[in-house]
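**Student:** Residue numbers (the numbering used here), protein chains in the order written: chain A, 1 to 187; chain B, 1 to 386.
By construction, these hints were calculated from the structure, which means they are not laboratory data.
Covered by chain A, per the in silico footprint, the following chain B stretches (three or more residues, Cβ under 8 Å): (1) 46-58; (2) 111-120; (3) 186-194.
Glycine included, each C-beta is placed from N, C-alpha and C at the ideal position.
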Amino acid sequence: MARYGMALDYKNCINCKACEVACKEENGILLGADKHRIWVGVNDIRGQWPNLDIASSFFQPSQCQHCEDAPCEEVCPTQATFTNEHGVVLVDADKCILCTYCMTACPYDARYIDDRTMTVDKCTFCSDTRLVRGEITTACQNTCPTKVRTFGDLDDPDSEISVLLRNREHFSLKENLGTKPKLFYLT
Amino acid sequence: MKLHDLIPYRENISFGFEKTPVTIVLAGITIGLILFYLYGVANFFAHGHHAYNVTREHPWGFLVASYEFFVAVAMGSIVTASSGIFFDLHVIKPLIKRLLVFGLLSLFAGFTAFLFEVGHPITMVIYTALSGNVTSALFWLGVFYPLFMLFTMLTFISYAEKVGPTKLFALFAIIFANSSVLTAGSIFGLLNTRLFSSGIFYQIEFMATAILGGIFLLTLITVMFKRDEFIEAVVALKKVSIAILSLLLIMYIVRYLTGIYGSVPGKVEAIQHIYHSTNFIVFELGLGIIFPLFVVAFGSHKKIGAFCIASFFGLVGIMFSRINLVEGIQVVPLQTMKIKEYQEVPSLITSYTPSITELGIGVGAIGVFILFMFIAERVLELDDEL
Chain A
1 MARYGMALDY KNCINCKACE VACKEENGIL LGADKHRIWV GVNDIRGQWP NLDIASSFFQ
61 PSQCQHCEDA PCEEVCPTQA TFTNEHGVVL VDADKCILCT YCMTACPYDA RYIDDRTMTV
121 DKCTFCSDTR LVRGEITTAC QNTCPTKVRT FGDLDDPDSE ISVLLRNREH FSLKENLGTK
181 PKLFYLT
Chain B
1 MKLHDLIPYR ENISFGFEKT PVTIVLAGIT IGLILFYLYG VANFFAHGHH AYNVTREHPW
61 GFLVASYEFF VAVAMGSIVT ASSGIFFDLH VIKPLIKRLL VFGLLSLFAG FTAFLFEVGH
121 PITMVIYTAL SGNVTSALFW LGVFYPLFML FTMLTFISYA EKVGPTKLFA LFAIIFANSS
181 VLTAGSIFGL LNTRLFSSGI FYQIEFMATA ILGGIFLLTL ITVMFKRDEF IEAVVALKKV
241 SIAILSLLLI MYIVRYLTGI YGSVPGKVEA IQHIYHSTNF IVFELGLGII FPLFVVAFGS
301 HKKIGAFCIA SFFGLVGIMF SRINLVEGIQ VVPLQTMKIK EYQEVPSLIT SYTPSITELG
361 IGVGAIGVFI LFMFIAERVL ELDDEL
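Extracted from the complex, chain A is given alone in its bound form (with noise of 0.2 Å):
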């Protein structure tokens, strides 16, 4: 059975935010500030003119880890979060209670209130528009121009993405919480 992630190559982001536009259109995500399942966090130049700091400066695009931990599957009291046979966490709709323990739980800020169907949503890894044909990209993936996102099985050695965390250095966010995402930031 495939578990998937993803690898983001994160130096290569222009911020041109293709991937959101992506993301909103094939998932059908509300507009709206709140409203968003990934997203491009922005690092500012640090430092005083003219003592900046160049490579301070970044772009690190984000979205929901899909933690093998997930703190927001543990807290949920009616497991409507879920980590389905893929490794992918999901949320089923018809058991979510909208009491919002998993938005207070989750380490990275990646659920949100969908308003049409008022429950909590967060990237699928477009596990129902894309995996459940048996294509194995995102979006997010398939639309940046710049090639920041590897996304596949981490299991099956000669992936693309396995092959790039064996020959490159990565971290993931908050390790500390021991949360054991599923996104790798290459470096």
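With the hints as your guide, set chain B onto chain A.
**Tutor:** Chain B only, in chain A's frame:
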């Protein structure tokens, strides 16, 4: 078996009351609060969760704080009463039935706020039973509360009608009351992500303030309704409150020091933001802890007039402790690098002010609680033959 054998209701039920300045003012405040509650509920049905000021970064708001306040008063009342039964504390005897009923009613008042916090309460009941998650503190709250309510009711019936194993029921009521409040504290304590509440502080603080809440409520009732027969019990409980207030004061000081020590990112900002705020210094600490402690330590040991005023402010302090908790856990955004769309720069401190709808439901629930207590007083026989 007749209904009267199960529930000790009055033969002549009347909803009139003696019109004194205190009761008239209290009636006016209660009606005002209930109208405010109804306004909040009407707004909720008109606009749903959009009537709340909660956001993606600050998903929990005033209703969570309000609910946790009522839970505290419920637990304190019921543990005090059940301990009176289980440990044969004769001094508490005149209060037992009243405390058990008011504790239950406080819980129900909390539910009137919580009902509008959870988006899908019916789904909650169904799926907590069908697919409950044992790693979730909220799930265990759903397990312990029904047991807490069940054994409180059994204790009340058994004690009032003098049937069944009263002490055993009282013991289970104590166990499940404590379990419920510890679990309520754990909802915040187990949030590893939120350094403000993560740890054991809130489990203990919830338990301590819960017992204080029960004592404060009882004192207010004793003085406002001139129940002289309760004074001996209140004086005894007042002494208990010295220990609890002192413990809380020490916990607050130590927590502040550990919170700022080493300037741990995410923790120090939240601790400083809350501990330096008016809500904390004036209401939670000043009125909620130091003022009652001062009154108990230096006031008359036999009279309870000043302690009644301290009890009112003590309850206000407990309410603010819940507000500060809910704000504290969410005040530091988790993703400071994430910019909002359209290049809006994120703040290091999230902002939240309750909407009029949230205030209506959360504060108005106090009016609902007073109404419940009034009806219980009129319908049930809560006085013991001494």
